[in-house]
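**Student:** Top line first, the protein sequences correspond to chains G and A.
In terms of the numbering used here, the first sequence opens at residue 1 and continues consecutively.
In terms of the numbering used here, the second sequence opens at residue 1 and continues consecutively.
Hints were generated in silico from the structure; no laboratory data involved.
One or more hints might be untrue.
Now the in silico label distances, taken between C-beta atoms and shown as ranges [said to hold, decoys possible]: (1) G:G145 x A:V38: 42 to 48 Å; (2) G:Y6 x A:V57: 17 to 23 Å; (3) A:T26 x G:L21: 55 to 61 Å; (4) A:E20 x G:I18: 29 to 35 Å.
From a predicted model like this one, the values you see are computed outputs, not experimental measurements.
Every residue gets a Cβ at the ideal spot worked out from N, C-alpha and C, and that includes glycine.
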Amino acid sequence: MHIHAYEKLWLALSIVLILALIGTVTYGAVGPGVAMVADSQSTIDPAALDEDERFSEPRVEQVGENEYEAYVVARQFGFQPDPIVVPANSTVTFYVTSADVIHGFEVVGTSANTMVVPGEVSEITVETDEPTEYGIVCNEYCGAGHHVMQGKLHVVSQSQFENRGGDSA
Amino acid sequence: MARSETARADTDDVGGDGEEFDPIGTLTLIGIYFVILVLAWVYIYFVEFLGRDLVVVG
Chain G
1 MHIHAYEKLW
11 LALSIVLILA
21 LIGTVTYGAV
31 GPGVAMVADS
41 QSTIDPAALD
51 EDERFSEPRV
61 EQVGENEYEA
71 YVVARQFGFQ
81 PDPIVVPANS
91 TVTFYVTSAD
101 VIHGFEVVGT
111 SANTMVVPGE
121 VSEITVETDE
131 PTEYGIVCNE
141 YCGAGHHVMQ
151 GKLHVVSQSQ
161 FENRGGDSA
Chain A
1 MARSETARAD
11 TDDVGGDGEE
21 FDPIGTLTLI
31 GIYFVILVLA
41 WVYIYFVEFL
51 GRDLVVVG
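All chains should be modelled from the sequences, with the hints used to inform the complete structure.
**Tutor:** Below is the structure:
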């Protein structure tokens with residue numbers, strides 16, 4: 001079979017492109033450690049969040065030397081706690097659940113973004129850098145007040161985090 | 001036109017690299033598309049995606 005030289009070139013480039021796409025995604029997973037939001041958490045009763053150990057009192061908790069967990073409840077129409085205050089240069093895992101309908105949890109301008117489904121707990125781990133402030137929006141239509149459903153994520157210095165006192169409680 | 005662009009098979013085009021029909025313009029165009037595609041992918045993945053804050057790592 002005769003295949004034109006240009007066609008051979010085109011076929012080779014197509015294969016190179018496919019390998020490059022797979023290669024970059026593999027690099028992302030192995031190098032920077034990009035992960036998907038997994039269905040790793042067990043289900044909970046969305047009507048009984050006030051009896052749940054983690055979500056009865058939405059908060060940020062230190063769980064390791066530089067590791068923190070944020071328990072966040074999304075409900076019509078806001079996020080608790082508000083603002084979510086986390087320390088800079090640390091690893092923060094967000095556990096987000098909904099008390100009513102499906103919401104979204106998107107830290108604006110970042111890759112931290114997940115659906116929030118009642119009965120499910122969405123878990124995302126991120127690494128914070130310098131102190132800054134982010135907005136949080138709900139990106140799943142959740143009712144009449146969807147467009148005003150927003151929160152704040154404050155990344156503060158370690159000392160500020162330790163001295164935050166009652167301002168975020 | 002200096003030459004016909006009709007592919008003449010078999011007679012004088014068997015096996016060799018001396019192709020009778022060389023659509024160099026099409027090749028160039030596809031090459032440009034290819035470069036745009038690669039640059040766009042590099043930009044989208046490495047700059048826009050990995051360059052954002054709060055990359056999800058778990």
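**Student:** Against this structure, judge whether each hint is valid.
**Tutor:** Hint by hint, here is what the structure shows:
| no. | hint | in the structure |
| --- | --- | --- |
| 1 | G:G145 x A:V38: 42 to 48 Å | holds (44 Å) |
| 2 | G:Y6 x A:V57: 17 to 23 Å | violated (43 Å) |
| 3 | A:T26 x G:L21: 55 to 61 Å | violated (24 Å) |
| 4 | A:E20 x G:I18: 29 to 35 Å | holds (30 Å) |
The earlier numbered hints that this structure contradicts are 2 and 3.
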